[in-house]
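Participant: Sequence:
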Amino acid sequence: MVSLESVVAAALEDEERRRQLSYKKIKKEALAPVFGSEGAAGADLHSAEECVVPAKGKYLVPTGIQIALPEGCYGRIAPRSGLASKNFIDVGAGVIDPDYRGELKVLLFNFSDADFKISVGDRIAQLVCTPFIKPALVEVTNLDETDRGDNGFGSTGISSY
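In the UniProt record's numbering, the protein residues as written are 1 to 161.
The hints are simulated quantities; they were obtained by calculation from the structure and are not laboratory data.
Each residue gets a CB set at the ideal place from its N, CA and C atoms; glycine is no exception.
A couple of the hints might just be wrong.
Said to hold, decoys possible - Keeping only pairs whose Cα atoms sit at most 27 Å apart, straight-line, the calculated BS3-like set for lysine-lysine is:
1. K25 to K117
2. K24 to K86
3. K117 to K105
Stated by the list, open to error - Derived CB-CB ranges, DEER-like:
4. A55 to R101: 31 to 37 Å
5. I158 to F111: 19 to 25 Å
6. Y100 to G154: 33 to 39 Å
7. A40 to T156: 46 to 52 Å
8. V128 to G152: 24 to 30 Å
9. Q66 to L137: 27 to 33 Å
10. A55 to T146: 33 to 39 Å
11. E145 to N87: 44 to 50 Å
12. E145 to I26: 47 to 53 Å
13. L21 to E50: 43 to 49 Å
14. E71 to A93: 20 to 26 Å
Model the full structure from these sequences, guided by the hints.
Facilitator: Structure, rendered in structure tokens:
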């Protein structure tokens, strides 16, 4: 006979497993993702190689890890605020699908006039696990009308007044 306690324990263990981000180091230089603080939304990702992001250029930086995202989430690669504000370094192509199992790489853009050197172990971006809904794709002949209509790209202005 199965006890209620064992059923509850198994359910809690299953829920914990579905909420975890699993990672595998595939390069000796790889470092584990790490949350910088108790309230951090993103886990810091580290470079697994020494490299240079050229001035006004880009570089695909390997992290040396593979990941399995929590159930119902995709991974969003986000910039680190210090790199963006102090060094003009930003990230691109930041969606990691939940079924991707290759090496996690980070596309860095350098908007400054100087080359940006990255050392092994430097924190280069952050990974945010973001829940998503995969909607059914339905072609229609008309869409609901809205007050905004097709006004976009700054049509609502900047001023709050």
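Participant: Now look at each hint and say whether the structure bears it out.
Facilitator: Status of the hints after comparison with the structure:
no., hint, in the structure
1, K25 to K117, "23 Å, holds"
2, K24 to K86, "31 Å, violated"
3, K117 to K105, "17 Å, holds"
4, A55 to R101: 31 to 37 Å, "34 Å, holds"
5, I158 to F111: 19 to 25 Å, "22 Å, holds"
6, Y100 to G154: 33 to 39 Å, "35 Å, holds"
7, A40 to T156: 46 to 52 Å, "32 Å, violated"
8, V128 to G152: 24 to 30 Å, "26 Å, holds"
9, Q66 to L137: 27 to 33 Å, "29 Å, holds"
10, A55 to T146: 33 to 39 Å, "43 Å, violated"
11, E145 to N87: 44 to 50 Å, "45 Å, holds"
12, E145 to I26: 47 to 53 Å, "51 Å, holds"
13, L21 to E50: 43 to 49 Å, "26 Å, violated"
14, E71 to A93: 20 to 26 Å, "24 Å, holds"
Hints 2, 7, 10, 13 from the earlier list are contradicted by this structure; the remaining hints agree with it.
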